[in-house]
Amino acid sequence: MYVRVTLLQIAYFLGTVFFAVPAIAYALWDLKLLHAASATIALVLALGWIIGGWLMIKAWEKRLKQALTQKIRTVAPATFNPKVELESPHHLEYFGVDPDTDTVVIVDTKKGVARCEPIGFVQQWASEDNGRQAFMTLRFNDFALPALSIRVARGTLEDLKAKVHYVLNYRAAF
Numbered sequence: 123m124y125v126r127v128t129l130l131q132i133a134y135f136l137g138t139v140f141f142a143v144p145a146i147a148y149a150l151w152d153l154k155l156l157h158a159a160s161a162t163i164a165l166v167l168a169l170g171w172i173i174g175g176w177l178m179i180k181a182w183e184k185r186l187k188q189a190l191t192q193k194i195r196t197v198a199p200a201t202f203n204p205k206v207e208l209e210s211p212h213h214l215e216y217f218g219v220d221p222d223t224d225t226v227v228i229v230d231t232k233k234g235v236a237r238c239e240p241i242g243f244v245q246q247w248a249s250e251d252n253g254r255q256a257f258m259t260l261r262f263n264d265f266a267l268p269a270l271s272i273r274v275a276r277g278t279l280e281d282l283k284a285k286v287h288y289v290l291n292y293r294a295a296f
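Number 199 in the numbering used here belongs to position 77 of the sequence shown; there are no gaps in the numbering.
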């Protein structure tokens, strides 16, 4: 499981803990600190914060996912059907391999790179697990994009390593 925390999510969580939950407690328990109208307003604002923030974060994640999918569709050939895909938790990096067409699709939105290359473009790959996070690093034959490091779920690292090794080294078997 990914632990995806952004500044927006931290602000939402802190606002929920320090504003919304106490406001709901005051409104529902009627501690005589708020009048009935004030309690209703506090309850509506607190619930609006919780529901609105959750919907905003989900919409933001959906927009990032759609933007990445659009970039992949833009550069990938029409017959691209990846057997192995690596995607960062924030939908900023993508690496997909299709051994049938001998192509890889690489997208790194932070560097502004979106391209389709032959499988031979991948020079080597490595994995790193530091105990808290796991990464797959791919190195390429290009000065503009020498490497791409994608954070992956620690529980799936061994499976991903086997799949990447197999598809890059034994692609004729597919």
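Errors might be hidden in some of the hints.
Derived Cβ-Cβ restraints for the label pairs, each shown as a range [what the hints assert, rightly or not]:
| no. | residue 1 | residue 2 | range |
| --- | --- | --- | --- |
| 1 | Gln-245 | Asp-222 | 46 to 54 Å |
| 2 | Ser-249 | Leu-130 | 24 to 32 Å |
| 3 | Tyr-292 | Phe-135 | 43 to 51 Å |
Listed next, the in silico BS3-like pairs over lysine-lysine satisfying Cα-Cα at most 27 Å (straight line) [unchecked claim]:
| no. | residue 1 | residue 2 |
| --- | --- | --- |
| 4 | Lys-205 | Lys-187 |
| 5 | Lys-205 | Lys-193 |
| 6 | Lys-193 | Lys-232 |
| 7 | Lys-283 | Lys-233 |
| 8 | Lys-232 | Lys-205 |
| 9 | Lys-285 | Lys-233 |
| 10 | Lys-233 | Lys-205 |
| 11 | Lys-205 | Lys-283 |
| 12 | Lys-285 | Lys-205 |
| 13 | Lys-232 | Lys-187 |
| 14 | Lys-180 | Lys-193 |
| 15 | Lys-285 | Lys-187 |
| 16 | Lys-193 | Lys-233 |
| 17 | Lys-233 | Lys-180 |
| 18 | Lys-285 | Lys-180 |
| 19 | Lys-193 | Lys-283 |
| 20 | Lys-232 | Lys-184 |
| 21 | Lys-193 | Lys-285 |
| 22 | Lys-233 | Lys-187 |
| 23 | Lys-184 | Lys-205 |
| 24 | Lys-180 | Lys-232 |
| 25 | Lys-184 | Lys-233 |
| 26 | Lys-232 | Lys-283 |
| 27 | Lys-285 | Lys-232 |
Think of the hints as simulated: they come from the structure by calculation, not from any bench.
Glycine residues also receive a C-beta, built at the ideal position from the N, C-alpha and C atoms.
Evaluation of the provided hints:
1. Our hint of 46 to 54 Å for Gln-245 and Asp-222 is violated, since their Cβ atoms are close to 22 Å apart.
2. Taking 24 to 32 Å as the suggested C-beta distance range, the pair Ser-249 and Leu-130 conforms, at roughly 29 Å.
3. Between Tyr-292 and Phe-135 the C-beta distance comes to about 45 Å, which sits within the given range of 43 to 51 Å.
4. This hinted pair checks out: Lys-205 and Lys-187 have alpha carbons roughly 19 Å apart, not beyond 27 Å.
5. Straight-line distance between C-alpha atoms of Lys-205 and Lys-193 comes to about 18 Å, which keeps the hinted pair within the 27 Å bound.
6. With a C-alpha separation of about 13 Å, the suggested pairing of Lys-193 with Lys-232 holds against the 27 Å cut-off.
7. For the proposed pair Lys-283 and Lys-233, the alpha carbon gap of about 24 Å is at most 27 Å, so the pair holds.
8. For the suggested pair Lys-232 and Lys-205, the alpha carbons sit about 25 Å apart, so the restraint of at most 27 Å is met.
9. Under the criterion of a C-alpha separation no larger than 27 Å, the hint pairing Lys-285 with Lys-233 is consistent with the structure, at around 26 Å.
10. At roughly 25 Å between alpha-carbon atoms, Lys-233 and Lys-205 fall within 27 Å of each other, so this suggested pair holds.
11. For the given pair, Lys-205 sits about 13 Å from Lys-283 by alpha-carbon distance, which is consistent with the 27 Å threshold.
12. Of the pairs offered as hints, the one joining Lys-285 and Lys-205 holds, with about 8 Å between alpha carbons and a cut-off of 27 Å not exceeded.
13. Note on Lys-232 and Lys-187: the hinted pairing holds, with a Cα-Cα distance of about 14 Å set against a maximum of 27 Å.
14. With a C-alpha separation of about 20 Å, the suggested pairing of Lys-180 with Lys-193 holds against the 27 Å cut-off.
15. Between the alpha carbons of Lys-285 and Lys-187 the distance comes to roughly 23 Å, so the proposed pair stays at or under 27 Å and holds.
16. Restraint check for Lys-193 and Lys-233: satisfied, since their Cα atoms lie roughly 13 Å apart, inside the 27 Å limit.
17. Taking the CA atoms of Lys-233 and Lys-180, the gap is about 24 Å. The hint holds against a cut of 27 Å.
18. A threshold of 27 Å between alpha carbons decides the hint, and for Lys-285 with Lys-180 the separation of about 30 Å lies outside it, so the pair is violated.
19. Taking the CA atoms of Lys-193 and Lys-283, the gap is about 25 Å. The hint holds against a cut of 27 Å.
20. In summary, the hint linking Lys-232 to Lys-184 is supported, as the alpha carbons are separated by about 18 Å, within the 27 Å threshold.
21. A threshold of 27 Å between alpha carbons decides the hint, and for Lys-193 with Lys-285 the separation of about 24 Å falls inside it, so the pair holds.
22. At roughly 17 Å between alpha-carbon atoms, Lys-233 and Lys-187 fall within 27 Å of each other, so this suggested pair holds.
23. Simply put, Lys-184 and Lys-205 have alpha-carbon atoms about 23 Å apart, close enough for the 27 Å limit, and the pair holds.
24. Distance check on the hinted pair: Lys-180 and Lys-232 sit about 21 Å apart at the alpha-carbon level, within 27 Å; holds.
25. Taking the CA atoms of Lys-184 and Lys-233, the gap is about 21 Å. The hint holds against a cut of 27 Å.
26. This hinted pair checks out: Lys-232 and Lys-283 have alpha carbons roughly 24 Å apart, not beyond 27 Å.
27. Restraint check: the Cα-Cα separation between Lys-285 and Lys-232 comes to about 26 Å, which is no more than 27 Å; the hinted pair holds.
Comparing the model with each numbered hint stated earlier shows that hints 1, 18 do not hold.
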